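Asker: In our numbering, the protein residues as written are 1 to 332.
Think of the hints as simulated: they come from the structure by calculation, not from any bench.
Each hint should be verified, as a subset may be incorrect.
Unchecked claim - Quick list of in silico lysine-lysine cross-link-like pairs, BS3-like style, CA-CA up to 25 Å: (1) Lys-70 with Lys-54; (2) Lys-271 with Lys-282; (3) Lys-302 with Lys-282; (4) Lys-271 with Lys-285; (5) Lys-51 with Lys-270; (6) Lys-70 with Lys-51; (7) Lys-316 with Lys-57; (8) Lys-123 with Lys-96; (9) Lys-95 with Lys-123; (10) Lys-51 with Lys-285; (11) Lys-270 with Lys-70; (12) Lys-328 with Lys-57; (13) Lys-285 with Lys-230; (14) Lys-285 with Lys-95; (15) Lys-96 with Lys-285; (16) Lys-309 with Lys-270; (17) Lys-262 with Lys-54; (18) Lys-270 with Lys-332; (19) Lys-95 with Lys-302.
Claimed, not checked - Per label pair, the in silico range of CB-to-CB distance: (20) Ser-164 with Gly-314: 17 to 25 Å; (21) Arg-118 with Asn-53: 39 to 47 Å; (22) Ser-240 with Asn-194: 41 to 49 Å; (23) Arg-118 with Gly-98: 37 to 45 Å.
A quick note: this is a predicted structure, and the numbers were derived from the prediction, not measured.
Note that CB positions come from ideal geometry on N, CA and C, so glycine has one too.
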Amino acid sequence: MKSLPIKSTLAISVFALFGAMPLAAFAQVVKIDGSSTVYPVTEAVAEEFQKANKGLKVTVGVSGTGGGFKKFCRGEIDISNASRPILAAEMEDCKKIGVEYIEMPVAFDALTVVINPRNTWLKQATVAELKKMWEPAAQGKVMRWNQINPTWPDQPIKLFGAGSDSGTFDYFTEAIVGKSKSSRGDYTASEDDNVLVQGVAGDVNAIGYFGYAYYAENMNKLKALAIVEKDGKPAVLPSSDSVIAGTYQPLARPIFIYVNVKSLAKPEVKKFIDYYMVQGAKMAKEVKYVPLPASVYASNVKHIAQGRKGTVFGGKNEVGISIEELTKREAK
1 MKSLPIKSTL AISVFALFGA MPLAAFAQVV KIDGSSTVYP VTEAVAEEFQ KANKGLKVTV
61 GVSGTGGGFK KFCRGEIDIS NASRPILAAE MEDCKKIGVE YIEMPVAFDA LTVVINPRNT
121 WLKQATVAEL KKMWEPAAQG KVMRWNQINP TWPDQPIKLF GAGSDSGTFD YFTEAIVGKS
181 KSSRGDYTAS EDDNVLVQGV AGDVNAIGYF GYAYYAENMN KLKALAIVEK DGKPAVLPSS
241 DSVIAGTYQP LARPIFIYVN VKSLAKPEVK KFIDYYMVQG AKMAKEVKYV PLPASVYASN
301 VKHIAQGRKG TVFGGKNEVG ISIEELTKRE AK
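Go ahead and model the full structure; you've got the sequences and the hints to work with.
Answerer: Pasting the structure below:
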């Protein structure tokens with residue numbers, strides 16, 4: 001009998017080994033991790049993308065912005081969700097192993113301070129009061145509400161907030177305390193915002209903070225606080241209108257995805273990013289974030305085509321940037 005060519009023999013061997021395996025075993029996977037704040041919109045996009053693209057799989061993890069960048073800068077994931085811009089130290093980590101990236105704003109968030117709905121005496125808080133509550137000097141000392149404001153009751157404060165790997169932690173501490181990562185440590189911390197939701201919902205004396213999407217999803221369990229930026233300014237509740245108007249300060253902020261440039265060479269990653277930029281505004285609105293102007297999503301696509309790498313934030317967080325200012329930067 002005539003022997004089979006080597007290629008044919010190899011093909012038969014491969015089929016014998018893998019032919020009976022389901023196609024899902026060979027599914028192309030887009031790997032995403034990072035911010036719990038950005039998770040709702042990225043996960044919503046991923047769900048719709050997978051419905052429209054059978055055989056393509058998207059995994060979305062939640063390890064916090066800092067945790068996501070650690071994986072991203074080790075080349076372990078394709079896309080990093082981030083609730084703040086990449087920082088100088090993270091940029092250096094990426095540079096060390098040659099990870100280049102494109103920064104893409106995807107929505108605006110109204111970082112929300114929440115209390116228990118059974119709390120009937122607190123309607124608003126000033127940035128100065130929140131600082132007094134959360135600054136490092138408060139640890140072990142400021143333990144009761146009336147220590148912050150004498151008109152507030154003599155009851156214990158139960159604090160819930162983002163963990164130290166969270167971009168929300170970085171942003172909140174910089175906006176409220178005045179220095180990133182500067183916070184008292186004696187509070188219930190988690191990168192999982194649902195843990196914080198349950199904590200505040202379960203205690204009348206609780207207060208916490210996280211992205212607006214988690215408040216919007218749990219309005220029956222939580223109450224949002226109006227924020228007074230400084231004396232003489234009105235108290236402003238978080239909402240799409242107040243974010244767009246630029247009046248919800250200093251807690252309105254852009255949120256991002258970062259994509260590894262090498263990953264864009266994978267058809268499934270490029271296809272997902274293209275889909276995200278088309279559907280992102282709709283999905284952001286669905287999960288109660290504020291969509292960006294269409295020009296920003298178009299700029300994101302243009303930056304890929306032009307190969308514009310890096311960040312427009314210079315390796316530092318920035319408090320108080322408006323949608324208008326972000327749009328101008330991204331248009332360059």
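Asker: Run through the hints listed earlier and report the numbers of any the structure violates, in increasing order.
Answerer: The structure conflicts with hints 1, 6, 7, 8, 9, 12, 13, 14, 15, 22 and 23, although it agrees with all the remaining ones.
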